[in-house]
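K.L.:
The primary structure of each chain is shown beneath.
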Amino acid sequence: MKKIGICDTTFARFDMGGAAIDELKSNVTDLKIIRKTVPGIKDLPVASKKLIEEEDCEIVMALGMPGAMEKDKVCAHEASTGLIRAQLMTNTHILEVFVHEDEEEKEEELKTLMENRARQHAQNLIKMVFKPKILEKEAGMGKRQGKEDIGPL
Amino acid sequence: MKKIGICDTTFARFDMGGAAIDELKSNVTDLKIIRKTVPGIKDLPVASKKLIEEEDCEIVMALGMPGAMEKDKVCAHEASTGLIRAQLMTNTHILEVFVHEDEEEKEEELKTLMENRARQHAQNLIKMVFKPKILEKEAGMGKRQGKEDIGPL
Amino acid sequence: MKKIGICDTTFARFDMGGAAIDELKSNVTDLKIIRKTVPGIKDLPVASKKLIEEEDCEIVMALGMPGAMEKDKVCAHEASTGLIRAQLMTNTHILEVFVHEDEEEKEEELKTLMENRARQHAQNLIKMVFKPKILEKEAGMGKRQGKEDIGPL
Amino acid sequence: MKKIGICDTTFARFDMGGAAIDELKSNVTDLKIIRKTVPGIKDLPVASKKLIEEEDCEIVMALGMPGAMEKDKVCAHEASTGLIRAQLMTNTHILEVFVHEDEEEKEEELKTLMENRARQHAQNLIKMVFKPKILEKEAGMGKRQGKEDIGPL
Amino acid sequence: MKKIGICDTTFARFDMGGAAIDELKSNVTDLKIIRKTVPGIKDLPVASKKLIEEEDCEIVMALGMPGAMEKDKVCAHEASTGLIRAQLMTNTHILEVFVHEDEEEKEEELKTLMENRARQHAQNLIKMVFKPKILEKEAGMGKRQGKEDIGPL
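Residue numbers (the numbering used here), protein chains in the order written: chain V, 12 to 164; chain E, 12 to 164; chain Z, 12 to 164; chain U, 12 to 164; chain A, 12 to 164.
Isolated chain V, as found in the complex:
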């Protein structure tokens, strides 16, 4: 039984954690999912690390929606830096799944992007944990999450 951590925020405008969990459960049965919701993306690093060290998760998804203002961009940078540091302190992958609020102009498209990116990173997680050789075959293939693959040169 693999333990997977899902860490998301109340700040985001779509339930990305819920979508990721649904995608995982639809594709893999042998999972135990532990979810933790925090206020904002800057709370994700320590929450993810606690899922690893206190709940024994062997991989975590950290999902969030940085806002569109300049100061939100800085927050996203701080959160990302913290997520990488948390990974290095634990030798454990934390998949960062961020959708910037200004990636799409229309609300409906933003919502779709948030759901798709969460689901496709959940697929990445499945490959990393259960089928790492598939990722190796996709090396350099211009894969994208939430939008169409751009493909190799």
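No wet-lab data here; the hints were simulated from the structure.
Don't take every hint at face value.
So the derived list for chain V, only partly shown, Cβ under 8 angstroms to chain U, looks like this [as the list claims (entries may be wrong)]:
(1) A79
(2) S91
(3) R96
(4) H104
(5) N135
(6) I137
(7) L146
(8) E147
(9) G151
(10) K154
(11) E159
(12) I161
The beta carbon of each residue, even a glycine, is placed where N, CA and C say it ideally should be.
Please build the complex by placing chains E, Z, U and A on the supplied structure of chain V, with the hints as guidance.
P.N.:
Below, chains E, Z, U and A without anything else, positioned relative to chain V:
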């Protein structure tokens, strides 16, 4: 008895720490609050870490008001990075409660924002410590602190 | 007997370390001051940490004057980040006392600012070490160092 | 038998890891190569560290293609910072081999650059592991990877 | 016998490491110098840390020439951040000696600057290791390396 750390600054132009403490005490009785005031936001990371490691606080609020100049924005970034690092070193949440001096044009509105954000993050702290399942229900709901919730897409 | 570290640079254009030491000695008798001068502000983090860990200082002032060019701003950011990291590694406060070379246009005013900021942060140090309750009373009061206090909203 | 780690991404649009491995195998026989492919460049730091600590690699190449948008530049910065941190935590070199998607305008030239830079950094790896004295002779010689050497002043 | 580490790059367009070594040997006899040349400035942090921890150097000079493009500026920032982190992890000074390729317009002047800065930082190293009290006398004197001292206010 839960020990809560409150860390704030003399640089800020409103007593955010006082507002947070008032909010906590009005809503929860079983608390011991330890407060530490430092000169500026760059002093918050180590002060917060000491509240955790030397005073046994199980969660900390770090409250401050970054100034409006470009160099103040850099200070805020450094302080935030340090607060995240402090959390990762201690496996303990530190809720960052910053109001940028230029978030509002009028002084009265800035003051109101500082008070409201401090109080609403105090409410977040209460949920995190006492009612974590409530936060999970609010995942992806577009919650904001100090301003109106933007809501889900 | 409290041990205080003073760390400054040869790059700065005013003897900020000297001013800080003078202010400390004029106000407190029960002090041992250990001074270390390094070439530039990027040398301050490790020098400050060595004052803490190898010389047993219980608090350090790190004084410097970042230059006015864009690359100097980056240096200041790196030095500040390092000073915060050093504090977190030692659970010890290091008061950063920086005056940017472009904070004042006239040389004489820059010199005055450097001296005043060094002295007023020395006063902060005295409060932090000897009278921490005074700082708590000043929380949110809009205090500034080297320039006039802006005051509370 | 030297163990070399190769860490690359599915996001990149050319199989840089494959090119590096081909270059290494064409030039050195006494190698064991362990490859790990991850989704994006922000996953490289922990993957590289795991190759060092869990697979006993004595040096790693981390290959990736940061995108052309502003937020991709920030990702690259976060990944690079993480790769340096991983090196410092392990006292082991990780050669960062990044080609920014906007370094060339034409797709064919971008592809050529990605292959050449991967191969020439593989040559650097060979020098670092097997012939360190050659690098010393090249000190200050204006060497470049993937493009023509600029040469000394 | 003092062990000094010299760490430089093949990317730089002048042999800064060679100049630093010449300056050190011309002024001090009781030295053992250990040199390590790496491809670029991002390789300097771990190489410097290895000189300290694996070769017992008690101080290191890290010399390099960041390029003139925007992405080179980011590299310089990452390298500097790593060098400060390496110092904090080892409680050992690493003198960063960087000349940005765009500090001078003419190649001959750039070359002169690179040599002078390397030599003058070597003089700083000598003071730090052998004559620390001289640096204290120079505190706040507006010293520069590679260009004329600007002097005190």
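K.L.:
Look at each hint and say if it fits the structure.
P.N.:
We went through each hint and held it up to the structure:
Contact between A79/V and chain U, as hinted, is not supported at the beta carbon level, the nearest pair being about 12 angstroms apart and thus beyond 8 angstroms. Checking S91/V against chain U by beta carbon gives a least distance of about 5 angstroms; that is within 8 angstroms, so the hint holds. Interface restraint check for R96/V: the shortest CB-CB distance to chain U comes to about 7 angstroms, inside 8 angstroms, so the restraint holds. Annotation: interface hint on H104/V holds; nearest CB of chain U at approximately 6 angstroms, less than 8 angstroms.
Nearest Cβ of chain U to the Cβ of N135/V: about 5 angstroms, under the 8 angstroms cut. The hint holds. Checking I137/V against chain U by beta carbon gives a least distance of about 12 angstroms; that is not within 8 angstroms, so the hint is violated. Satisfaction of the interface hint for L146/V is found here, the shortest Cβ-Cβ separation to chain U being roughly 4 angstroms, below the 8 angstroms cut-off. This hint holds: E147/V has a C-beta 4 angstroms from the nearest C-beta of chain U, less than the 8 angstroms allowed.
Residue-level restraint check for G151/V holds (minimum Cβ-Cβ distance to chain U is 3 angstroms; threshold 8 angstroms). With its C-beta approaching chain U no nearer than about 4 angstroms, K154/V sits inside the 8 angstroms limit, and its interface hint holds. For E159/V, the interface hint is violated, the least distance from its beta-carbon to any beta-carbon of chain U being 13 angstroms, above 8 angstroms. For I161/V, the interface hint holds, since its Cβ comes within 8 angstroms of a Cβ in chain U; the closest pair sits about 7 angstroms apart.
Violated hints, listed in ascending order, are 1, 6 and 11; each of the other numbered hints is respected by the structure.
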